[in-house]
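Order-wise, the sequence lines are chains A and B.
The first sequence: position 36 = 36 (the numbering used here), numbered continuously.
Each number in the numbering used here comes from the position in the second sequence (counting from 1) with 444 added on.
The set of hints was computed from the structure by calculation and includes no laboratory data.
None of the values given here were measured: they were computed from a predicted structure.
It is possible that some hints are incorrect.
Cβ-to-Cβ under 7 Å is the rule here; a few derived chain A residues that face chain B [said to hold, decoys possible]: (1) Thr43; (2) Gln45; (3) His66; (4) Cys67; (5) Thr371; (6) Gly402.
Using N, Cα and C, we set each Cβ at its ideal position, and we do this for glycine too.
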Amino acid sequence: MNVHDLAERLVRRGLRFGADDVEIYVQTSRNLSVRVRNADIETIQEAASGGVGFRVLVNGSMGFSHCNDFNEKALDETMKKAIAFARLTTPDEFNALPGNLPHHDVEGLYDPSIAGIDTGKKIDMALELEELTMQDARVTHSSGASFGEWESEMVIANSHGLLKSYRSSSCSVGVSVVAQKGDQRNTGGRSTSRRFFADLEPLDEVAAEAAKRAWEMLDPQMVRTQRAPVIYDPRVARSLIGGIISAINGDRVNQGASFLQDSLNEPFASELLTIVDDATRARGLGSKPFDGEGMPAFKRTLVEQGVLKGFLHNTYSAKRAGTESTGNASRGGFTRLPGIGTHNLYAEPGQHTPEQIIANTQRGLLLTGVTGYGINAVNGNYSGGASGFWIENGQIAHPVQGLTIAGSARDILQGIDMMGNDVDMSLSFTAPTFRIREMQIGGA
Amino acid sequence: MSKHHDLARLMPRRKFLEMGLKGGMVIAVAPPLLSKMISCSGPVTAPALDMDKASLDRVISRALQHGGDFADVYLESRNSRQIIMEESMFKSGLYGISQGAGVRVIAGDKTGYAYTEDITEENLMRAADIASYVARSGKPIAPVNIAETKRDSFVSVVKPLEEIADSRRIGMMQRANQAALDYDPRIRMALIDYSDQVRSRVIANSEGLYLRDELPLIFFIVQTMSDDGSNRHMSRERISEHSGFELFEKETPESVARRAARESIAMLDAEDAPAGMMDVVMENGWGGVLIHEAVGHPLEADNIARGIGAFTGKVGQKVATDVFTMVDDGTLPNFRGTINFDDEGTQAQRNVLIEKGVLKGYMTDVLTGRQLDLPRTGNGRRESFRYIPIPRMTNTFIEPGKDRPEDILADTKKGIYVQSLSGGSVNSVTGMFNFTCREAYLIENGRKTRPIKGATLIGSCLGVIQSIDAVGNDLDFGPGICGKGQSAEVTAGQPTLRIRGINVGGSRA
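Bound conformation, chain A alone:
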């Protein structure tokens, strides 16, 4: 029996068991992961897996169950559990499954060649990447290199006649190393992930960046507690942009638990900030033809020159807000209910090179590492651990570690005063270098 038939049959079965509406989500996947260290294999793991998620509505109430056993009896019993649960939960007029709207396919989500590439070659890539990275004399230890691949097929069917599926793949190779100098240790790592094996970045470039990240932070110096400009390197952009995304989550907005809930069509951020979510980019790691409940997924501007243009919705949150789903239902596999998430998210590039931004900063922090939770989406507080480089007279003076940065999200986002032109569009969550005019920095 093929998976489409199975999904349709399970929808019919759910209706027969007494559900008013049924959604079946089937996912099967295969993965291989190889980890090497000190020029030898450390671990090899491989598996194929799959399962079914059942979402049912009974008198407006919702139940969900999942099972990784494809035995007919197991599937039936799991379905009945979902229906029994739905009889216990509270009826909610906004519970609904989407209708069967047409979607456009996205080019390049699945590389059929990955599985056929010799495993020896994949192990070799990880070994070569480690070897290249360790060639840098400033690197003293390897934490290991790895190769991973993943491919999956998902099928969604529901009782509104929806039946959709697609296949996707991804692969990655990465390395992590240590630079030790006396009692000091610093780690550096870099990886490259793509949908297609042939698109992985050249190993020598990945290696050079990983090595540099390890040694460039040695011999840090402390700076005093002060207010100063902070330049966000692209690798830490998520700590700020992620807070915006969390705050425009439709469920959170509906619950009155977002610092941006009343900011629709208002300029809450600097006009240098434009954020776009694009599900349609060919070969994009976050691309998909439809979202986690089968709604077509699009390209959409979320923030335009600092003005909030819209929230992120799935079918439930949209109905409750009195609007249409934006195709942002996320799905963490067959064991999870739909949530809300983005596809390929990027901040639009600006005018300046990163070098120009640094040169224009008399004294301040170039931030390359952050720790902590980022922006608190409920109240907009922001506080985190910080590391990077101290800038004096428009030039990098020395590395800094063990600092803190903090402020209110609105002040920080309004304070973006330079936007870089260096956005890496191969990532699914990305922004160029940008500068905040002034933040509180905690140090000695």
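Mind docking chain B on chain A? Use the hints.
Just chain B now, kept in the frame of chain A:
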């Protein structure tokens, strides 16, 4: 440096690969075996873990067909449920069945692993073939035939979860929700998350071990959000144990909810936190997550075996102040981090990691025990059959000291009083850690005064344990989820303590 390291080096990697490929073994296997997965069948009524010992013996022998030092088979079945209540509505009920089994081979420093979700001898044989790929050098190894093994249990159940009607679970959630909303009109919303599971495990290995048990687990989380028109605060309280439904007799849903609501209201008046180095007093309980992150993870033996961990080579050395003793103990009765035996079958035990400031040892699993020539400490844990075991904490805490908590506070002129934490993380190679305060106050002249907004605290693990200068007599614990590529249920505990000088991420000077 690991003791098997030099052996592994002797074989150049090219040679290794050649041997592997000439052996006819291609591990990147078939594309998703959809049709096969769907047609596979076994009677659902037969408990998936009932595989007989002779079959398991055959699988372990097959896993060591090309040599190797150790092999094990792990069978798992998990029934889980979760009920979510938000805004006074039961939004969803989730029920899940998950089962599978994995075969692992250790050969020197190498690990091979494969798993299947359809537990048959045939599939396990195939997994054994894949896992054995890492052991190609030696001749077949004869494992010891498995036999029932005895282990002490630290988990007792009075009211088994399987016998509890869902309506009773819902009843507990309703009680928590009502108590939160009744606490204060400024509590705008409560989010109640009830989950429980029963995880059944079978572990068999080439040393002849065979174990089977069942671990129940309840996790009850109450979050409350306050809103007074100008400020908002979301707080969270959790209880969790490996136990039956009697957990709610030890602590009522109302008391969990009121604790969360109290914090939500108290923090409405929070003002900006100061930035920079200052003294911190941490209240007893879940604040132990500081030590879990800052010291616990770096004492897990995997990065020690790799020779890159922050505490590498420091056993026997004075690494902390005299008042500091730290323990990981997987035997505390019914605690969330308690496991009876770890996921490799090693008996859980009390491990003193740092005693009066002196580093005593690391937390190991089978692999790192072999690599470092250390005993197994019962810390080899795995999220599920989809993961290999790695060294993890269980219940980790600082032993109580002599100071009275009120004296520690009174003796602190100026600083921050941290009452609850959201969580944190650490880089266990550099030892840099961070954690985020949820409820915190200024200390002025030895008194807790105004509440301050959630600030990040950061420091280095070797620095922080040399700066703890007062430890209270009031040890308490909190339950948590620990992530390290895979998740594990843990508790963290500590008495009230003081850290002299830690960097606080406030938004004002």
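Consistency of the hints with the structure:
Because the closest C-beta pair between threonine 43(A) and chain B is about 4 Å apart, less than 7 Å, the hint holds. The criterion of a C-beta within 7 Å of any C-beta in chain B is met by glutamine 45(A), whose closest approach is roughly 4 Å, and the hint holds. Below 7 Å, beta-carbon pairs count as interface contacts, and histidine 66(A) has one with chain B at about 5 Å; its hint therefore holds. Checking cysteine 67(A) against chain B: minimum C-beta separation of about 5 Å stays under 7 Å; hint holds.
With a cut of 7 Å, the hint placing threonine 371(A) at the interface with chain B holds, because the nearest CB-to-CB distance is about 4 Å. At a threshold of 7 Å, the smallest CB-CB gap from glycine 402(A) to chain B is about 6 Å, leaving the interface hint in force.
The earlier numbered hints are all upheld by this structure, with none contradicted.
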